[in-house]
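Asks: Sequence:
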Amino acid sequence: MKSLGIGLIGTGYMGKCHALAWNAVAPTFGDVARPKLVHLGEANAALATCKAEELGFARASGDWRAAVEDPDVDVVSITTPNQFHAEMAIAALKAGKHVWCEKPMATSAADAVAMLEAAKASGKVAALGYNYIQNPAVRHMRGLIEQGAIGTVNHVRVEMDEDFMADPAATFGWKSEAASGYGALDDFAVHPLSLLSVLVGRIASVVVDMAKPYAERPLADGGSRAVETHDIANILFRLENGASGSLLVNRSAWGRKGRIAIQIFGSEGSLLFDQERMNELQLFQARGPVAEQGFRTILTGTSHPPYDRFIPAPGHGLGFNDLKVIEARELMRRIAGEPAHLIEFETGLQIERSVHAMARSHEVRGWVDVPG
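So for the sequence shown, the UniProt record's numbering puts the first residue at 1; every next one is plus one.
Everything labelled a hint here was simulated from the structure, so no lab data went into it.
Note that the coordinates shown come from a computational prediction; the quantities given were computed from them, not determined experimentally.
Where a beta carbon is used, it is the ideal one built from N, C-alpha and C, also for glycine.
There may be inaccurate statements among the hints.
Pair by pair, the computed Cβ-Cβ distance ranges are [as the list claims (entries may be wrong)]:
1) 151 x 174: 43 to 49 Å
2) 338 x 94: 22 to 28 Å
3) 151 x 276: 26 to 32 Å
4) 315 x 146: 23 to 29 Å
5) 338 x 222: 54 to 60 Å
Think about it this way: if two alpha-carbon atoms lie no more than 30 Å apart in a straight line, the pair counts; the simulated DSBU-like pairs of lysine-lysine are [stated by the list, open to error]:
6) 16 x 2
7) 257 x 212
8) 36 x 124
9) 16 x 36
10) 124 x 94
The whole structure should be built from the sequences, with the hints applied where relevant.
Replies: Laid out in structure tokens, this is it:
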């Protein structure tokens, strides 16, 4: 596999995460050529130059289009606010670049469709940044379900909570603007939706209620502004196979830092996982003497690939950024024409359709079918 030239647009938290992943993927896996950090694009030239030096990019521009059009760039990482994803991804695909775009795919269904059409027309790989599916614990859960370890799945319960929007005194930011999307649904719930897509399949119908814990937020220069997005969503759903489920998401949950708690119930057992304890899962199987049945904790280690590429012993633990390194390797595998474990634009569009059906359900106050 030849060395890929990397372009990066955006240098916030996720931009740094992408840069770290591109720098770490070759020494971690040892079977790919080290990517070349070619061109960084930011909102202005001064910031671009500063961040390029920090992150190791050869060139920097205050216009993201320069990174997209650079002939030495093969892959464009897009880590900007949600409302810019569609324009940037479509431009990169039209320029003949592969795309690695952070979630959510877009803020409108029409934009998501246009992104998929651009990907198909380009023939390039277009993947979304759903790195939680890369966790060795989640991969093992998928294997257990496929092997029938808990029988037929009949109910799923998921909760995702963080507290980055919990403080009522926090100033109004872009995540509270309608331009960023619906709020907790597309900025947040898409992560558990990506996990559901790889673990139990497609959501077929939904009924949803959304809430705003704070009707307005203060402005940095005085006064206040009405909050235009919903930080809480409560969802009931039916899977395509008929199983029932619930998904509860809250961006204003004091004390929760990175919780994605998944419970999958089957005819012969259950699986439990919580992202705040991301290196373990729990398995219950209704087998053997009843007096000896109970949940057992499975601690991820070298027998749960690709954990072994990072650490040679169990119990030491992987982190969020490590999942991004795994995702970068999967993207490189896909670009090389090999099978890969990714959420590409086609599956991403299905996640977006679920989100928009959820928003529609809240609007009409009833059950809504998710287009297939």
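Asks: Give a verdict on every hint.
Replies: So, going through the hints one by one against the coordinates:
Residue 151 and residue 174 have their C-beta atoms about 45 Å apart, which keeps the hinted 43 to 49 Å range intact. The hint said 22 to 28 Å for the Cβ distance between residue 338 and residue 94, and at roughly 25 Å that hint holds. Between residue 151 and residue 276 the beta carbon distance is about 27 Å. The supplied range of 26 to 32 Å therefore holds. One distance hint, 23 to 29 Å for the beta-carbon pair residue 315 and residue 146, holds here, with the actual separation near 26 Å.
For residue 338 and residue 222, the Cβ-Cβ distance of about 56 Å falls inside the hinted range of 54 to 60 Å, so the restraint holds. Between residue 16 and residue 2 the CA atoms are separated by roughly 24 Å; this keeps the pair inside 30 Å, and the hint holds. A hinted pair counts as satisfied when its Cα atoms are at most 30 Å apart, and residue 257 with residue 212 qualifies at roughly 19 Å. About 19 Å separates the Cα atoms of residue 36 and residue 124, which keeps this hinted pair within 30 Å; it holds.
The hinted pair formed by residue 16 and residue 36 meets the criterion: a straight-line CA distance of about 15 Å does not exceed 30 Å. For the given pair, residue 124 sits about 9 Å from residue 94 by alpha-carbon distance, which is consistent with the 30 Å threshold.
The structure is consistent with each of the numbered hints, conforming to all of them.
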